[in-house]
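Since the structure of chain E is already known, use the hints to place chain F on it.
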Amino acid sequence: MPDLSGTPATLLKLDGISKSFGRVAVADNLSLELAAGEMLGIVGPNGAGKSSLFGLIAGDLSPSAGQIFFDGSPVTKLDAGARCRLGIGRTFQVPKPFGAMTVFENVLVAVQQGSGLRRRASYAAAGAVLELAGLTLDANRPAERLGLLSRKRLELARALATGPKLLLLDEVAGGLTDPEVTELVGIVRQIKERGTAVIWIEHVVHALTATVHRLICLASGSVIGDGDPAQVLAMPAVREVFLGTEISASLGAPGQENG
Amino acid sequence: MVWVSAIVQGILVGGLFALFACGLSLMFGVMNVINLAHGDLAVIAAYLALGAVTVTHVPAIWSFVIVVPIFAGGGYLLQRTLLQAALNRSVLTTLLVTFGLSVVIENGLQQFFSANSRALNIGNLITESFSIGSQITIAYLDLGILVVAVVVLLGLQFFLSSSRHGRLIRAVADDREAAQIAGVSYRHVFGIAAAIAFGTVALAGIAFGMYQQFDPTIGTDQLLLFAFEAVVVGGLGSLWGTLAGGVLLGVAQQLGAVYNAADQMLAGQLFFLLVLLIRPSGIFGRKETA
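Protein sequences appear in the order of chains E and F.
According to our numbering, the stretch in the first sequence is residues 1 to 259, in order.
According to our numbering, the stretch in the second sequence is residues 260 to 549, in order.
Next comes chain E alone, as it looks inside the complex (with noise of 0.2 Å):
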C-alpha cells in the first residue's frame, strides 16, 4: 500500500489527475505536490489548465481520474464548501463578491462559514482581515460600488477571512496598474509570512518571479516545466509555449487573458 497522503509536510498532493471537457485536456495526467506553507507560482499560456487546475482543487470540478489529498485526507469527493472549511480558500480571476452586501458582511460570511466563528469573535476577525487587506475604510459600503482594486483586494480578503491553509490566487494583479500591483503583491507576502502555502496562478509574470521560490509551467493539462523560476522560464519547452503572446503580455502589452 503506498502512502497516497504523501510525507507529513505535504499540504497538497495531486496524484494522476485528468480532465477534459470535450476533446480539449485541461489536466492530463497530472500530479503535483506541495509543502505546507509553500509559496507556489504557475504560469502558462491562454487554455493551458490553469484556473481549471484551481476549480480542480478547490472542488467546482470533478476529475475524470485521479485523486486529491489535503492535510493527510482523501478530499476528491468533496464539494467545494466542504473544501474551503478544511482549508483550502481560493479567489476568482474575475472578483464575484455578494454585490448587495456590504464589504463587511461579505468577509463575515466568510469568517463565519469558513473558520466557524460566531459573533464578537468573527467581528473581530473580520475586521482584522479587513485591516490587511486595506480596505477598513470601504467596510460599510456596499461591495457593488466598489472599484476593480477594491474589488480584487475583496476578493482576497474573503479568501483570507475562511482561515486557509492553502490560498489559491487567480491573476489577482490582472488588470492592475503597476504601483497597485505592487500593493496587492505586498499583501501577499504578509499572508505567506503568516505560514499559508499559496499557489499563484499570474498573467504578469514579473510579479509572480518576485516573490515565488517555486514555478510551474502548465501547457495542455501537462507540467512542462517545475522548479527554480528562472531556470523554469528558461527552459526551451516553456521559452516555445511562450513565445510572442505571454512574454509581451507580462511587459504590459494589449491582449491580457481574460478568460
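The set of hints was computed from the structure by calculation and includes no laboratory data.
One or more of the hints may lead you astray.
Covered stretches of chain E, going by a simulated chain F footprint (3 or more residues, C-beta under 8 Å) [as the list claims (entries may be wrong)]:
| no. | region |
| --- | --- |
| 1 | 76-87 |
| 2 | 92-101 |
| 3 | 179-192 |
Take a look, some chain E residues computed to stay more than 10 Å from chain F by CB distance [claimed, not checked]:
| no. | residue |
| --- | --- |
| 4 | 9 |
| 5 | 64 |
| 6 | 69 |
| 7 | 108 |
| 8 | 114 |
| 9 | 140 |
| 10 | 213 |
Beta carbons: idealized from backbone N, C-alpha and C, even for Gly.
Chain F in isolation, oriented as in the chain E frame:
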C-alpha cells in the same frame, strides 16, 4: 364612500396575498425555483389544519402551531431531495417537477377529501367586526390576517438582513459559486430557504381556510395566480414590494368589484397586465441591469 370602503377591504385582503407571495418570491430569489405547486401547498396546509383541529381539538386559530413546523420540516426535506435533484439537472426541470407535484397534490387531495368545499371553523370570529363611520366595516379576522402578514414580512426582513443564516441566504442568492468559496454549504442554505417559504405558505393557507371555503383545486385556480401577481406587481427581491404588490392587487380587485361584482378577478388581472406593460421589473423591483 363606497370607494373608500373598497380600498380598505382591498388593503385588508392584500396582506393575505402578500403572505402567499413571499414564499414564492423567496424560493425564486434564492434558488431560481419557480414553484408551480405553491398554491397547492397552501391548500394542503388548510386541510392539514382541518385534520389537526379534528384530531387534537385545538381551536382552528391555533392550528398553525402544529402545521407550520410540519411544513417547514417538509420544505427542507423536499428541497434537499426532489427539488435539489431537479436543480442538479436544470432550472427548467424544477418547473416540470413542481408542475407534476401540483398535479399529484390536487389529485391526492381529491382522492382523500373529495371535491367538496371545506372551511376552517373559527366560530363567531368569522362574522365579528367593527365599524368606522357608517360605511366602512372591518372584520376582525381580516384585520388579524393583515397584522399577521405584516409581522411575518417584518420578521423575515429582519432575519434576512441581520441574522447569520439570513446573511447566508443572501450570499447564496447573490452568487452560489462565491458563497461556496466562502465556506457555505449552499444545499443546506437552500433547504433553510425552502423551510421558511413552506412555513409562510402554511400560514397563508390556514389564514385562507379561515377566510373562505377551499377545495382541492383552488390552489392553482386562484392562489398561485394571486401570489404570482403580487410578486410581479411588487417586484422580485423586495419583501416590502411584495407587501405593496399584494395590497395593490387587493385594492384593484375590490375596486373592480364595486363596479360589478363579477369584475373582481378581471380588474386584478388587468391591473397586473398594466404593471407588466409599464414597469416589467415591478413597482419596487430593481431595474434590470443586464
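Each hint, compared with the structure:
no.: 1; hint: 76-87; in the structure: holds (count 6)
no.: 2; hint: 92-101; in the structure: holds (count 7)
no.: 3; hint: 179-192; in the structure: violated (count 0)
no.: 4; hint: 9; in the structure: holds, 25 Å
no.: 5; hint: 64; in the structure: holds, 18 Å
no.: 6; hint: 69; in the structure: holds, 20 Å
no.: 7; hint: 108; in the structure: violated, 7 Å
no.: 8; hint: 114; in the structure: violated, 4 Å
no.: 9; hint: 140; in the structure: holds, 14 Å
no.: 10; hint: 213; in the structure: holds, 26 Å
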